[in-house]
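Enquirer: Take a look at the letters that make up each chain.
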Amino acid sequence: MTQDTGAADLTSPLAPMTAGGSDQAASGGRLRKAAARSIAWLQAGPMMLVFALFFLLPLVLVIIVSAWDYNEYEMIPAFSLRGYTDTFEGCISGLPELCTILKTYLKTLKLCLLTWGLTLFIGFWVAYFLAFHVRSKTWQIVLSLLCTIPFWTSNVIRMIAWIPLLGRNGLVNQGLIGSGLTTQPIEWLLFSEFSVVLALVHLFTFFMVVPIFNSMIRIDKRLIEAAYDAGASGWQTLVNIVIPLSKPGIVIGSIFVITIVMGDFITVGVMGGQQIASAGKIIESRLSALQFPAAAANAVILLGITILIISALTRIVDVRKEL
Amino acid sequence: MGDKRPRSFYILAAFFAAYVLFLYGPMIAIYILSFQGPDGGLTFPMNGVSLTWFGKVLSGAGIVDIGAAFKRSLALGLVVMVVTVVLSVAAGMAFRKPFRGSSVLFYTAIASLIMPSIITSLGIALEFRLLDDFINKHGADVGLGWLADGWTTGMGLFTSGLGAHLTWTLPFGLLIMFAIFNRFDGRLEEAARDLGATPWQTFRYVVLPIIAPSVVGIGLFGFTLSWDELARSSQAIGSVNTLPLELQGLTTTVTKPDIYALGTLTSAVSFLVIFAALSVILVLQARQRRHGSDAGKGTV
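Residue numbers (the numbering used here), protein chains in the order written: chain G, 117 to 439; chain D, 1010 to 1309.
Keep in mind that the hints were calculated from the coordinates and are not lab data.
Quick caveat: nothing in here was measured; it's all calculated off a predicted structure.
We put the CB at the ideal spot given by N, CA and C, even for glycine.
Wrong hints could be hidden among the right ones.
Claimed, not checked - Just a few of them, taken from the derived set where beta-carbon distance is under 8 Å, the chain D residues facing chain G:
1. Lys1106
2. Val1151
3. Phe1181
4. Ser1248
5. Thr1262
Stated by the list, open to error - Derived lysine-lysine pairs resembling BS3-like cross-links, with alpha carbons at most 27 Å apart:
6. D:Lys1013 <-> G:Lys253
7. G:Lys226 <-> G:Lys363
8. D:Lys1065 <-> D:Lys1265
9. D:Lys1106 <-> G:Lys149
10. D:Lys1080 <-> D:Lys1065
11. D:Lys1106 <-> G:Lys337
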């Protein structure tokens, strides 16, 4: 503590010099405000710069390049909508048969809906348990940490981890055959849509738990007691009080899960055995073919759909108010 | 709301336990399987117990140069951690006063957080590719001839890779700072100011010690998110790979338990960092409780 006071002593003589006389107080206040503002810019500037260089500018470039021409090995900076027309090739002529891109998006939406429904159900009840049934603060922290720790470990490893369980000779098949329920190992457990959704739920339920828990913990417990005293059943309390008041958390969690799954290509790749197409995988495969404008066009389409979904969701709730 | 637990408690407790088992079960399975005997396969049962597969990974036999990827990821993770902590704390302080552009920064951070990673990654790849093309084609015209000679790419671990990771870690850092300052008592700073502390002294001796545990939390997020990052790195890392990228590559080719051993080693680093960070947070909190208030103890 001695060095604090030492430092304070050194600078305190300066204090009278900076405090202006009464006639200068007004301009001093303005100056201080201007100084505070420029300090705020200095403080926030570096982060803004990082986002400008590595997020905003790249995003603008994606949109620009999506309208460029390309050949087999490079992009050509000339206006062309080839990236888009190639993507939707055969969509009209091939009717009523759905073209590849539409089929892929439908499949992605299906994976997205399944994952969203499951993460919402699991996330809601996990958060409910933590917020309302765990009464001691310490236990609440310990159990929340228990849910968070896997989030700090590698996603790929958490995907690989399903192989010994779901594979042809995995634990699940061993158990099923051992118990006589089946004679043949079940093939669709791994490298299938089932395993993709399972892994997505496994990885991303966390993104549902945190915001819903945050909303629930802010609910005034007296509201629930009041409902109980007024004779509401547990179900009525849940539907009329807890769910409406948790809505912001539910919406934020949903935005997280939906945007992650819509753009996912790694989980779909690893857990689908690289056999399942998704919106994100289209971009990846265009990129590996070095067709940058086509990849960018697909990115713009994906971005558009994601923005549509988010704006529909934010209509339900003002997100900024809840943070 | 009596003291007796309602029936729903037991149902939800069982549900929660099942969820935790679902979270940890598969991971524990591969940690166990990484100790397979030399003849063991990718699934149970265990065929003896050995350290064979760890030896394989560490000696690099059969697998790409894991040691180098390990070091690269570690270095990148540490840099991302430091940058995330510094920029987040600074920006968090800025948000305590009104300033023009604050909502732009806020929404940019949120957008960066929820942007599908493949789009961010593609954008950064494009940015650097266009930069490379520009330097190669026009470098000499604009007086950058010295740069254009022998220029291959600006992409790399600590340029495009670092940027890609920061777009993922900084939003978390900023949101944690918001959470901290929502609970922060601003009167403590006023008191420091009134006692003649300079802004820097106020920050260094009043604000920082109070927010220190959460700042360690930001560091924890910064390192672990970078250490495990995959989607944003995928297109933007340049010619070398990070550890998660190597691991992902191995999922399609490797049929031996060495991939589990590598997974166990990678997780061990994660757990080590998590454990260290949580311990530091606990120690800091305990210190705060001990030194937090000297009210009623008289003058020191």
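Enquirer: Now tell me, hint by hint, if it's right for this structure.
Expert: Evaluation of the provided hints:
no., hint, verdict
1, Lys1106, "5 Å, holds"
2, Val1151, "17 Å, violated"
3, Phe1181, "11 Å, violated"
4, Ser1248, "15 Å, violated"
5, Thr1262, "12 Å, violated"
6, D:Lys1013 <-> G:Lys253, "19 Å, holds"
7, G:Lys226 <-> G:Lys363, "23 Å, holds"
8, D:Lys1065 <-> D:Lys1265, "11 Å, holds"
9, D:Lys1106 <-> G:Lys149, "10 Å, holds"
10, D:Lys1080 <-> D:Lys1065, "17 Å, holds"
11, D:Lys1106 <-> G:Lys337, "33 Å, violated"
When the structure is compared with the earlier hints, violations turn up for hints 2, 3, 4, 5, 11 and for no others.
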